[in-house]
Amino acid sequence: MADVIGSELGEMTNHQLVDMIKKLQSQIKFFDCSESHCEIKHELEVHQIELEMQNRALRESQIQLEQARDSYADLYDFAPVSYITFDEKGIIDNINLTGASLLGDVRGNIVDRPFTIWLKKDNLKIFFKHLKSTLHSDVKITSELQITTRNGELLDIRIESIRSQYLTDNAYFCRSVILDNTEANRIKNEIILQSRQLELITDALPVLIAYIDASEHHLFANKTYIESFDGLANGIIGKSAYEVWGEDNYENVGVQLKLALSGHKVKFDMELPLGNAGKKYFHTILIPDCKHSSEVNGVIVLIGDITDRLAIEAIDRKRLLDVAHFSRLSSMGEMVSEIAHELNQPLAAISIYSDACRRMLESGKGEKADIVKSLSDIGFQAERAGAVIRRIREFVSNKETHQTNIDLNDLVQGALQLLEIEVRSHGVQLKLSYADDIPATLADKILIEQVIFNLVRNALEAMDEIDETKRILKVETSVNKFKEIQVKIDDSGPGLALDKIKIIFDHFLTTKTSGMGMGLAICKSIIDAHHGRIWAVPNDIGGTTLNFTLPLVKG
Amino acid sequence: MQNEPVVHIVDDDDAVRDALSLLMLSEDIAVKTFASADEFLTQHAEEQPGCLLLDVRMPGTNGLELLDILNEKKVTLPVIFITGHGDVHMAVKAMKAGALDFIEKPFDNERLVKVVHNCISTCTDLNDTSEHKREIEARIARLTKREKQIMGMLVDGKQNKVIARELGISPRTVELHRAKVMEKLQAHSLSEVVRSALLVEEIA
Numbered sequence: 009m010a011d012v013i014g015s016e017l018g019e020m021t022n023h024q025l026v027d028m029i030k031k032l033q034s035q036i037k038f039f040d041c042s043e044s045h046c047e048i049k050h051e052l053e054v055h056q057i058e059l060e061m062q063n064r065a066l067r068e069s070q071i072q073l074e075q076a077r078d079s080y081a082d083l084y085d086f087a088p089v090s091y092i093t094f095d096e097k098g099i100i101d102n103i104n105l106t107g108a109s110l111l112g113d114v115r116g117n118i119v120d121r122p123f124t125i126w127l128k129k130d131n132l133k134i135f136f137k138h139l140k141s142t143l144h145s146d147v148k149i150t151s152e153l154q155i156t157t158r159n160g161e162l163l164d165i166r167i168e169s170i171r172s173q174y175l176t177d178n179a180y181f182c183r184s185v186i187l188d189n190t191e192a193n194r195i196k197n198e199i200i201l202q203s204r205q206l207e208l209i210t211d212a213l214p215v216l217i218a219y220i221d222a223s224e225h226h227l228f229a230n231k232t233y234i235e236s237f238d239g240l241a242n243g244i245i246g247k248s249a250y251e252v253w254g255e256d257n258y259e260n261v262g263v264q265l266k267l268a269l270s271g272h273k274v275k276f277d278m279e280l281p282l283g284n285a286g287k288k289y290f291h292t293i294l295i296p297d298c299k300h301s302s303e304v305n306g307v308i309v310l311i312g313d314i315t316d317r318l319a320i321e322a323i324d325r326k327r328l329l330d331v332a333h334f335s336r337l338s339s340m341g342e343m344v345s346e347i348a349h350e351l352n353q354p355l356a357a358i359s360i361y362s363d364a365c366r367r368m369l370e371s372g373k374g375e376k377a378d379i380v381k382s383l384s385d386i387g388f389q390a391e392r393a394g395a396v397i398r399r400i401r402e403f404v405s406n407k408e409t410h411q412t413n414i415d416l417n418d419l420v421q422g423a424l425q426l427l428e429i430e431v432r433s434h435g436v437q438l439k440l441s442y443a444d445d446i447p448a449t450l451a452d453k454i455l456i457e458q459v460i461f462n463l464v465r466n467a468l469e470a471m472d473e474i475d476e477t478k479r480i481l482k483v484e485t486s487v488n489k490f491k492e493i494q495v496k497i498d499d500s501g502p503g504l505a506l507d508k509i510k511i512i513f514d515h516f517l518t519t520k521t522s523g524m525g526m527g528l529a530i531c532k533s534i535i536d537a538h539h540g541r542i543w544a545v546p547n548d549i550g551g552t553t554l555n556f557t558l559p560l561v562k563g
Numbered sequence: 019m020q021n022e023p024v025v026h027i028v029d030d031d032d033a034v035r036d037a038l039s040l041l042m043l044s045e046d047i048a049v050k051t052f053a054s055a056d057e058f059l060t061q062h063a064e065e066q067p068g069c070l071l072l073d074v075r076m077p078g079t080n081g082l083e084l085l086d087i088l089n090e091k092k093v094t095l096p097v098i099f100i101t102g103h104g105d106v107h108m109a110v111k112a113m114k115a116g117a118l119d120f121i122e123k124p125f126d127n128e129r130l131v132k133v134v135h136n137c138i139s140t141c142t143d144l145n146d147t148s149e150h151k152r153e154i155e156a157r158i159a160r161l162t163k164r165e166k167q168i169m170g171m172l173v174d175g176k177q178n179k180v181i182a183r184e185l186g187i188s189p190r191t192v193e194l195h196r197a198k199v200m201e202k203l204q205a206h207s208l209s210e211v212v213r214s215a216l217l218v219e220e221i222a
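Chains as they are written, first to last, in my numbering: chain A, 9 to 563; chain B, 19 to 222.
Be a bit skeptical, because a hint or two may be false.
Keeping only pairs whose Cα atoms sit at most 30 Å apart, straight-line, the calculated DSS-like set for lysine-lysine is [to be verified]:
(1) B:Lys-132 to A:Lys-376
(2) B:Lys-132 to A:Lys-381
(3) B:Lys-114 to A:Lys-478
(4) B:Lys-111 to A:Lys-478
(5) B:Lys-132 to A:Lys-373
(6) B:Lys-50 to A:Lys-376
(7) A:Lys-439 to A:Lys-381
(8) B:Lys-111 to A:Lys-373
The set of hints was computed from the structure by calculation and includes no laboratory data.
Model, not experiment: these values are computed from the prediction.
Turn these sequences into a full structure, and let the hints steer you where they fit.
In C-alpha cells, the structure reads:
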C-alpha cells in the first residue's frame, strides 16, 4: 500500500491528501493497535503525506519568491528614473536599464567601472564631494552634474543619493537616483531668455507699460514706467496704483482704472506733473486682461508721452493758420474785381444821391421829404460800403484763435456771407439746407470757415464754363450715419474725370488755369488736423460734390 | 404823355436805381425803373421815346445780351451803359455793339446828366458831327507812334500792367503814356478815349 501511496501522492490534491490522512488515522483505530508494525507503517505513511504537503508549500513560496524577484527586477530596470549604486570609491556596482540607456551603453560595459568616466571633467570635484557627503550622513543628498554620454551628448542631470550598508561586510555604499534635467533646463533657459528679451524690449520702449492686477497692485512695470514714477523697481512692483500714482493722479485716473477692471478698454489723455520734468501730457490706454474668462484678471496699462507730439501739433497748427491766412489773402487778391464792384455800388449811389440833393436844393424845386429821404439813404449806403470793408478786414486779419465749440451752420453762413459777392457775380443759384440738430463740436472756427470758403469758391469756379442759368450750388449740413457732422457742397459744373476726383485734394493739383491750386490742399491739411475726412464724388446734377466731416468732440 | 421822352433805368442794385431816378427827377426828366433786363423787355413800350441807362453786370440776362436782343428787335432806343471800374473791355464791346456811350461807376454825374439830356432832347449823338470827327482826327494825329499803340491797346480793354508786359516796358511808363494820350485827346475819362477811337475807326 505504501508504494501505491508513494507513487500517487505527488499527483493528489491537498484536499485529497487531507482525506487520505483522516482515512489512515481511522484505520489505525480500526486495527486497534494490535499489530504494532502495521501501526508503525501507517504512522510512516501519514508522516510521508505530511512531508509531501510541507514540501509542496515550500515549492509554492519559492515560485512566489521567484515571481517577486522578477517583478522587482522589471521595476528596477524599467522604472522611468535611473537607479545606480556606487561603492565608496565611486565605482558603479549596479545600474538599471534606464540608467544604462541614459549613459548610452549596455549594462555590462558600465558595471564595475568608475562613474567619473561619464562625468564632465570640471564636475569631478562636485561628484566626489557628493559621494562623501552621502556616505557620511543619513539624509538624502542632491547635486546637479553634467555628464557626457557614449554618443557624446552633454546632459544636465540631478543626482539624489542615500547611504546603504552591504549585508556581507557592513561597508557603506551609495544608492542614487539620476534624473535627466536637460530638457527642463533648456525650457527654463528659454523662458529666462524670452522674459529677458521681453524685458529688454519693454524697457527700450518709450511707452510706460505696467500690469495692474484686479486688486489694483502692480505686477509688472517696464523701465520707462518705473523711471517716470519712482526710479526704483522694488518701489513699484507689488504696490497699489494709489501708492504709485499719488493721491491727485489716482483721483483722476482711478475711475478709468475701475472702468477697465470692469472689462472696458479705456483711452484718455491726461496731464501729469512729473518731478523735475514739469508738466507732461500723456495718452493712456487701459486694456482689460480677461483672456480665459469674462472675469478680468488685471489691466495692461500703456501710457505714451505726447508732450512733444502736442508741441509739434501746435507748431503745425500755427503753420496751418499762416497758410490759411495766406490763402485768404490770395483769394482776396483774386476777388478784387468783385470787391471793387461791391464797393462801387454803394459809392455810386451815394454820389448820385448827394448830387441829386444838391440839384434839388439849388433849383429850389425839390420836395423836403425827398431830400431828407435821400440823405438817410446816403447814410444807409455808406453803412453798406462800410460793411463790405469790415467783412474783408475780418476775413484777412490773422487772428490768433483756439479750438472752441463751433456751430457748423453758423460757420457755413459766415463763409457764404463772405462769398455773397462772388455768388452774385457768377449768377449762381444758391440752395441751402441746414440740419437743425447739429451738435456743437470742438474745432478751430477760423480754419473750418476757411475750408467751407475754399470749397464753395472752388465749386463756384467749377461752374464758370457752363451757362449762367444752369449754375446751381447746393450746400447741405447734416449729422451722418457715422455720427460725424458733415458739410456737402454740390456744384452743377461740367464735373471731373474719376482719376482727377481722387487726387483733387493733393497739393498743387489744379484744374483751373489761374491760381495756385492750393485751396483744396489747404482744406485737406485743416480737416486732417481735425481728424475729419474730406473727399469728392461726382453728383447727379452733372458736377462734383465736395464733402468734409468733423468728428464730434466734446469741448 | 406817350411822346414825352423817358429815361429807362435798368439796374439790379436797388440803391443805384433809386439814386439814378432821383437824379433824373431833379433834372425834371421822366424815369422808369426796371430791376432786370427781362423786366424791361416785358414792360417796355416800343414807341416810347427816350434813352436806356443800362447796367452791364446783372444776374440773368446781362446788359450786353439785352443790347443784342434790342438790336435784333430793331429797337432804336439810344443806350448808355453803366460799367464798373475796370470793365473797359466790356464797355468797348458795348460801344462796338452800338451803344451810344458808357459811364463808369462811381459816376461823373455832370457828364451823365449831360449825356442823358442830349440824348432825349435831340435823340442824336452830339459827337456824331463831321466837325467833331475832324477835331478828333486832328487830336489823334498829334499822338506819337508809341502813344497811338498804347491808345489802341487801351481801347482793346487791356489793363496797364498787361500793356506793360506786352510792350516790355514798366507799368509806370504806360501810366505816363496814357496820361499823355488823355491830355492830347482832351479826354477826361477812358470812355472818352474809347469813343474818340471808335469815331475815327468809323471814318477810316
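Hints, one by one, checked against the model:
| no. | hint | result |
| --- | --- | --- |
| 1 | B:Lys-132 to A:Lys-376 | 25 Å, holds |
| 2 | B:Lys-132 to A:Lys-381 | 25 Å, holds |
| 3 | B:Lys-114 to A:Lys-478 | 28 Å, holds |
| 4 | B:Lys-111 to A:Lys-478 | 25 Å, holds |
| 5 | B:Lys-132 to A:Lys-373 | 19 Å, holds |
| 6 | B:Lys-50 to A:Lys-376 | 22 Å, holds |
| 7 | A:Lys-439 to A:Lys-381 | 35 Å, violated |
| 8 | B:Lys-111 to A:Lys-373 | 39 Å, violated |
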